[in-house]
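S.K.: Chains as they are written, first to last, in the numbering used here: chain G, 1 to 242; chain X, 1 to 101.
Derived from the structure by calculation, the hints contain no laboratory data. All values reported here derive from a predicted model rather than from experimental measurement. Do not rely on the hints blindly, as some may be mistaken.
[As the list claims (entries may be wrong)] Pulled a few chain X residues facing chain G out of the computed Cβ check, cut under 8 Å:
| id | residue |
| --- | --- |
| 1 | P23 |
| 2 | L26 |
| 3 | L50 |
| 4 | D58 |
We treat Cβ as the ideally placed atom computed from N, Cα and C, and that holds for glycine.
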Amino acid sequence: MDDARPAEPPTPRERFSGGMRIGLGLAFPTFLLAVTFGATARELGWGPWAPVVASVVVFSGSAQFTLLTVLGGGGSLPTAVTSAALINARFAPMGLAVAPNLRGGRLRRAAEGQTVVDGSFVAAHLGGGRFDRERMMGATAVQFVAWVGGTVVGVLLAPPEELTQALGLDVVFPGFFLLLLLDEIRHSRRAAAAAGFGGAIALGLTLAVPAGVALLGSAVAAFIGLRGGPPEDAADEEVAAA
Amino acid sequence: MTTIWVGIAAVAVVSMVMKAAGPALLGNRELPPRALGVIALLAAALLAGLVVVDTAGDFSWPLLAGLATVALARWRGAPELVAIVLGVVVAALLRLPGTLG
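All chains, full assembly: derive it from the sequences and hints.
M.R.: The following block contains the structure:
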């Protein structure tokens, strides 16, 4: 469009389908996690509709599991919502990150920002803090279908948690995040340092605070990027941050 | 039941606002280079956090061994899906009765 950046060879449609292919890789773990969510919610007396509606309107595994866990553990509604909000607070910096790559006025950008989810955010990262809008949306579209579909299956079949554990399927979700992480740090020593630092912060914090705070804390590690500017393609000029 | 529905609605609204804030506030302005430097590392830092929180939250040795297998297999050049399947198999084997449990 009106971007001054050098033109990328693939068309937006090709980039969208490229994103869908990445989304397919993420669809399997997403589906499994959604089955677990649907089954657990059913067990905790959510009925058949609430888990499915939650998956459609919240569309965030971490927040939905937090809500489920806190309410199921006898926590109050404000506690549950605050915990889920904290765990999803990571979407604020992620939204800031992708913002320059979205299109349209503020309202449309806000709507496009809804397609930010963990896997797509990473998949769309071109390096140097730039993001591929179409690839992100393609990856998210596939994951949305897997997430909602998995929840429906979980509500209907309600497999016990012990079964997923016995089959080793609890490895799938963190395993895929681990793979994304390996891709992210393979070509950048600074990203590897940020990952090590972020992991250490999260580990230290999980011992003391709820998971949401620990997760948000890991993002602090990215501030080591303040020194020296973007690592790859972006301009090298030394400009003070506003 | 009302509590559940109110909780779902509240979490949905909060999530949407979190995701909408950056794009709505920033518009089409470019971020300063130093901010880009931070954002370039955000994915790595958050992913490491997610893996750690996921693993520590529901900790078991078979899970850890499975994840180590995934990383090792990928590092040695295995395709992504193969790496995941290997990790799953290792975790499942370690959970067979009579092993780590």
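S.K.: If a hint holds in the structure, say so; if it does not, say that too.
M.R.: Cross-check of the supplied hints:
{"no.": "1", "hint": "P23", "result": "4 Å, holds"}
{"no.": "2", "hint": "L26", "result": "4 Å, holds"}
{"no.": "3", "hint": "L50", "result": "5 Å, holds"}
{"no.": "4", "hint": "D58", "result": "7 Å, holds"}
The structure shown violates none of the earlier numbered hints.
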